[in-house]
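J.: Use the sequences and the hints to build the structure in full.
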Amino acid sequence: MINVFFNILIFPGLIFLSIFGLGAEYFDRKLCAKLQNRVGPPWFQPLADFIKLLAKENVIPNQADPTVFTLMPVLAFTATLTAFFYIPLWQTKALSSFNGDLIVVLYLLTIPTLTFFLGGWYARSVFSMIGAARSIIQLFAYEIPLFLAILAPAMMAGTLSLSEMTVFYGSHPWLVLLNLVDFVIALVALLGKLEKTPFDIPEAETEIVAGCLTEYSGRLLAFFRIAIDMEMVVGSSLLAAVFLPFGFNFGFAIGFILYLVKVLFVVALLSLARTIVARLRIDQMINFCWKIVAPAAFLMLVVDLVVKGLISR
Amino acid sequence: MTLMSKIVNWARIKSPWIIHFNTGACNACDIEIIASLTPTYDIERFGILLKGTPRHADVLVCSGPVTRQIKDRLIRIYEQMAEPKFVVAVGTCACSGGVFRKCYNVGGGIDSAIPVSVYIPGCPASPKAIIDGVVKLLTSLEEKEAAAPPKTAEAVEIKG
Ligand code: SF4
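Line order of the protein sequences matches chains A and B.
Note that the first sequence ends on residue 312 in numbering that gives the first Met the number 0; no numbers are left out.
Note that the second sequence ends on residue 159 in numbering that gives the first Met the number 0; no numbers are left out.
Worth flagging that the hints you see were computed from the coordinates, not collected in a lab.
Remember, it's a predicted structure, so these values are computed and weren't measured experimentally.
The beta carbon of each residue, even a glycine, is placed where N, CA and C say it ideally should be.
Among the hints, a few may not be true.
To be verified - Derived contacts from chain B toward chain A, CB cut-off under 8 Å, selection only:
hint, residue
1, R11
2, K13
3, R54
What the hints assert, rightly or not - Okay, the calculated beta carbon distance ranges per label pair:
hint, chain 1, residue 1, chain 2, residue 2, range
4, A, K290, B, T138, 52 to 60 Å
5, B, I74, A, I59, 16 to 24 Å
6, B, L49, A, T66, 41 to 49 Å
T.: Laid out in structure tokens, this is it:
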């Protein structure tokens with residue numbers, strides 16, 4: 000029992016994930032700064048931001064619905080934390096797993112976007128409502144490619160459980176190469192999910208102030224921000240588990256370091272994309288996702304089916 | 000000072016988020032403010048980020064004299080910010096009204112509408128001066144018990 004609480008609250012649960020989330024945000028911002036040829040923030044920056052926001056006044060606008068407005072950041076926080084428990088980190092076994100946990104993880108990772116939508120919508124300010132509408136439009140554009148891109152490796156492995164997928168790819172390592180295109184597709188979709196720069200249309204600060212989060216301040220904003228950081232880590236862990244499934248058999252120490260390296264590698268790819276690409280318009284984003292990314296994901300699904308047929312023959 | 004308030008004060012000093020508001024400047028001060036946000040000067044070193052919404056910001060960076068039209072909006076923006084909040088007046092106009100002082104449509108400096116913590120003179124104030132002013136604001140917070148905003152200044156009536 001104590002073990003379960005330790006796992007959920009401290010390691011690899013709440014505390015570890017929060018610290019790793021803040022660390023990943025620092026890594027992202029520092030790398031971005033380096034790529035732009037500047038110094039960038041000091042290492043404690045995300046932590047200072049978080050503490051400062053916690054200590055700030057909590058403004059709830061008069062026109063907002065106080066229940067939904069205050070509930071949403073907590074919901075985003077909890078959903079990402081829950082998704083983390085089903086992802087294999089440094090061993091093939093996740094903290095908890097069953098056949099079908101892949102689908103649960105994908106849906107839990109959708110919840111933060113929905114909370115942005117609801118929080119922004121119930122703040123009832125013009126900017127946050129536009130941001131909310133945009134974030135839900137964007138959801139429909141990147142969600143299908145992401146599901147397809149993760150479905151293809153799962154189909155290859157013939158299971159919907161993340162832990163069994165890592166076992167399968169552990170015994171068929173060369174099949175990972177087949178998933179490289181899916182990896183790129185999933186990266187693009189993850190950029191959309193995290194609302195990072197090419198797809199930060201819902202919070203475009205030059206047009207609609209701060210999108211869904213316009214009315215949030217203080218503690219609630221702090222929780223939203225740490226939820227986004229944690230979502231970055233959880234999303235990257237998911238990609239690392241599905242597309243970079245190696246190094247699970249070296250025991251705790253090496254496996255753990257490998258896990259950190261893999262997640263930071265995915266985060267580095269995300270911040271690279273964020274530095275070199277400018278923001279798209281919402282219609283360009285939808286076109287890009289539906290005309291290029293989704294067909295590519297479908298194609299990969301077909302390729303995987305054919306290869307699977309050939310192997311099993 | 001207890002440990003808790005020490006930590007909070009440290010966090011406030013290390014992470015001032017700003018919002019930029021033009022209260023009627025000739026635009027030169029605004030360009031200098033934007034210049035100080037570029038990679039050349041890189042104020043993210045101090046944890047400073049530009050935010051679009053007053054709800055997220057801690058420091059309101061104002062440029063230009065307060066015109067009659069903008070006065071109500073300026074007060075509105077100031078009130079939308081969450082406590083604790085600080086105001087930095089950039090440019091001679093924002094400090095005192097500058098060349099626009101005593102114009103029929105101008106009320107005076109920023110402090111004629113809202114309390115100001117730091118005045119940065121210059122026409123326009125250079126990015127270095129702006130960064131220096133912000134750093135001075137942050138060091139002044141260090142000495143205080145807890146980072147408390149200044150007392151509200153008496154709002155000066157705009158006379159015709
Ligand atoms: S101080 Fe000078 S540059 Fe700045 S707004 Fe006034 S006139 Fe323009």
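J.: Close enough to count: is the Cβ of R11/B nearer than 8 Å to one in chain A?
T.: OK, holds: R11/B within 8 Å of chain A, min 5 Å.
J.: Under 8 Å is the threshold here; is the Cβ of R54/B close enough to any Cβ of chain A for the hint to stand?
T.: holds, 4 Å
J.: Quick one, is the K13/B hint okay against chain A at 8 Å, beta carbons?
T.: Given a least distance of 4 Å, the restraint on K13/B holds.
J.: Take the C-beta atom of L49/B and the C-beta atom of T66/A, compute their distance, and say whether it sits inside 41 to 49 Å.
T.: violated, 32 Å
J.: Go ahead and decide if the range 16 to 24 Å is satisfied by the Cβ distance of I74/B to I59/A.
T.: holds, 21 Å
J.: Is 52 to 60 Å respected by the C-beta to C-beta distance linking K290/A and T138/B?
T.: Holds - the Cβ-Cβ distance for K290/A and T138/B, about 54 Å, lies within 52 to 60 Å.
Taken one by one, the earlier hints fail for this structure only at number 6.
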